[in-house]
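Residue numbers (our numbering), protein chains in the order written: chain B, 393 to 652; chain D, 393 to 652; chain P, 393 to 652; chain A, 393 to 652.
Calculated directly from the structure, the hints in this document are not laboratory data. Mixed in with the good hints there might be a few duds.
Same chains, same names: a pair is fine if it fits in one copy or spans any two.
[What the hints assert, rightly or not] Cut-off 27 Å, straight-line C-alpha distance, at most; resulting in silico cross-link-like pairs (DSS-like, lysine-lysine):
#1 401 with 640
#2 639 with 571
#3 571 with 619
#4 531 with 556
Number of protein chains: 4
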Amino acid sequence: MTVQIGKIKIGGPEFTVIAGPCSIESENQFRTTSQSVKNAGASLLRGGIWKMRTSPTAFQGLGESSFEFIKKVKAEIGLSLVSEVTDIRQVEEISSFVDAFQVGARNMHNYSLLKDLGKQEKPILLKRNFSAYIDEWLKAAEYITQGGNKNVILCERGIRTFEKATRNTLDLNAVVYAKKHSQFPVIVDPSHAVGIADLVSPLCYAAAAAGADGIIVEVHPNPAEAKSDGDQALTLENFDTMMVQLKKVLHAFDRTLTTA
Amino acid sequence: MTVQIGKIKIGGPEFTVIAGPCSIESENQFRTTSQSVKNAGASLLRGGIWKMRTSPTAFQGLGESSFEFIKKVKAEIGLSLVSEVTDIRQVEEISSFVDAFQVGARNMHNYSLLKDLGKQEKPILLKRNFSAYIDEWLKAAEYITQGGNKNVILCERGIRTFEKATRNTLDLNAVVYAKKHSQFPVIVDPSHAVGIADLVSPLCYAAAAAGADGIIVEVHPNPAEAKSDGDQALTLENFDTMMVQLKKVLHAFDRTLTTA
Amino acid sequence: MTVQIGKIKIGGPEFTVIAGPCSIESENQFRTTSQSVKNAGASLLRGGIWKMRTSPTAFQGLGESSFEFIKKVKAEIGLSLVSEVTDIRQVEEISSFVDAFQVGARNMHNYSLLKDLGKQEKPILLKRNFSAYIDEWLKAAEYITQGGNKNVILCERGIRTFEKATRNTLDLNAVVYAKKHSQFPVIVDPSHAVGIADLVSPLCYAAAAAGADGIIVEVHPNPAEAKSDGDQALTLENFDTMMVQLKKVLHAFDRTLTTA
Amino acid sequence: MTVQIGKIKIGGPEFTVIAGPCSIESENQFRTTSQSVKNAGASLLRGGIWKMRTSPTAFQGLGESSFEFIKKVKAEIGLSLVSEVTDIRQVEEISSFVDAFQVGARNMHNYSLLKDLGKQEKPILLKRNFSAYIDEWLKAAEYITQGGNKNVILCERGIRTFEKATRNTLDLNAVVYAKKHSQFPVIVDPSHAVGIADLVSPLCYAAAAAGADGIIVEVHPNPAEAKSDGDQALTLENFDTMMVQLKKVLHAFDRTLTTA
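Make the full structure from the sequences, and use the hints.
Now the structure itself:
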């Protein structure tokens, strides 16, 4: 099955690249990043409005103060936007300009939220919790679909293991397994899965080669000054280079990028 | 510091036993279990009203239909009740008869819920997520306390590891570590941590010997017929026997049970 | 750096496919498999002579009884052979017909064996233990090289995590990390890493796309009758199909297969 | 069943404390530690002669240069000694003064070594590998016993999990499980399992309360100057204090210490 975000169909023969900053930090940062990733071939934008942070005193996102400029930038760029919600009360606030709601890894087991999102019409990008069994991830999707919303996209973003050298462990086994055992599109978030910018691009290629339906990648014009997750963000130039090689990998499978 | 649930102070020199069924399944099951665990020395009751289940089609708890008989049984037995909430909308519904709200392992990273509970006055029993770093668990408590509610009790309930022979892996390291590095009372849930009824009692003793402030234990009059987690429930007789030995272990540390 | 097994250089611009049965079970099975994988593009053979099994009563390999026919088949096929040793006493026995010694995951931390192999001249294929930190894996290689044998090839073969749906979790993060932080060639064993034959091929492509120097794949003419690990073995036909697609992936990176 | 090391029976009604330094570093360090732990109630000594270290350039133990003073100190103190071997060639060298051979966690899957030790008469202390399934640990014991040596003692020493705050995760579930499902004595190594000296004592009590047959504890007269694992070593005074409380815990189960 395919799931449509704005004009983009995910889960068909084409491969979808969703890109943008971890957090939307300013109008300028969001515009620069969005324009650049679009030029390189991304067909959907990502960007955090409210951030889930381990510490309650860490940067929690711009929230409401960003709504107006997000709408403006989106209109200029012409791409749809995926953004995380952690509470159903946020959905109303942002539904006029957010085209798909992301459930973050930390909320995959928040069945109350999943049930609420099952009553929405917009697509849900359901990240796998960092310690969810594949089976739990697939069943979490059912918590959404049984409410009536069939538009679920699964996203593998790395699991917690004993290894400390990388932030998480990208589990491509799970991607291949989910592609075989579920009907939903499956995409990969290599940025969170490895947490080290230098290692992200090869994992994008690996995700495509393993048969994923797309990737979601963090990009920042100046990662050193990012307010969250700067260590794993590609620069605009890194992203351009990655996209050139990614297209070659897709070509090896007779695939192309979805286009806006 | 100590946290008080009803008349029971947790985190002081005494040791608290919270016991009861996984799910409250009927008036009779709840009464029989509650009376029996009280007689054996438990000073607080546990019991699920809404259950978090991996599959959306599994038994999800009695919900509202149980409210009246829960109040009745509580009044008869005279013990306070701890029960899980997964959504702030549930808090209002049950706050007239539930004395402490449990955040389950699946919702420990649900910061939206934690913030909501930070505005409540009743104590919060915060279970450690099955893959939460100890540091995340302690910081999750801060999400609650920064809202004004300082009454947090931490609960270790087993983590996910490679081991398959037991349901989870009880992490007593984390209990000892949290007792040393945080101010909150720390209790242990051996039932979920091992998932095999025959192995629960020795782990209750181990929790006490490691210096925990209490345990929360699943008990069922007929585990074979339990609607959830029957494999890990102690029978009433198992629980009685466990409590006799537990008191001896506490005595070795000059401790006694809290009494209602 | 490159490491040479027989005439095959691993770690240069070309990509090396090592293939063959988990266990060498009979002259016929070994010949059929070897001829077939060679025809499809494999340039090195694999095959267990002594097997490491969890249970001491499981099939432990043909051992000495296979030596003569292995030599004969090798001579016919014309490819070099990689086989596991678990004890330095085995090295002498098989060094006349085995061209590289594999250290299995279970022996990666067996520093006594590593030191012994450091005095050998033949290359060592060092599998990562299923719970070894990447750093331990790289340091294990130093246990070999400090003895004088610089010919070490690293092999990622899946790690143990909480996930139960797959045998292990393939850790491509570790492959990308090791390629960046060590000088040794790094190959991937997708067969053990996922343990389910249907899922092996996409992971072969992913390994190539991530930049590995090669793969080592289990192939069996009749997996259902394999004496060990039949669940993860590709059939001869599966392997042929995989190799056709693999070459396309390599082409996307301007790479080709090493040829014997 | 019980297993006897020197005059000490492990696995009967009494509880055995094995204590001593991680590495035997000097005659003086070994004598001081041994005399002190004996006075406090330990009935067996531990001490590394050759050390397994992640890095080949780290301190690898005194080896042969310590043999004479070890014999001398043992004769003075009058306790038997447990020490690790990593290679069957070491067994001959030390069998005149070592009373039980330890297989370290890193060698639990080294079936070649286990088979060799199966032909020895002295007891084997088999540590669980940090990622071994309980079932593999029990089957590893069979690799020893099928060679004729029935004198196996199992030792849980912590497993590798996602948690980083502690060195490993002590798995008391596994201890309780192994006590129920195997015939071998089961002891606990809290020093390696947690890796932080301040947290070791409560875990000693927990091990006793969970029903273990004994503990093996690292003690050093001056942990800050230890050549290996100083972070987890109890001081002589810490050990004395721990033993006083441990006896009270054992008393709660009508148990006492084995005595030399």
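The hints, checked one at a time:
no. : hint         : result
1   : 401 with 640 : both (21 Å within a copy, 26 Å between copies)
2   : 639 with 571 : both (21 Å within a copy, 23 Å between copies)
3   : 571 with 619 : neither (34 Å within a copy, 30 Å between copies)
4   : 531 with 556 : between (29 Å within a copy, 15 Å between copies)
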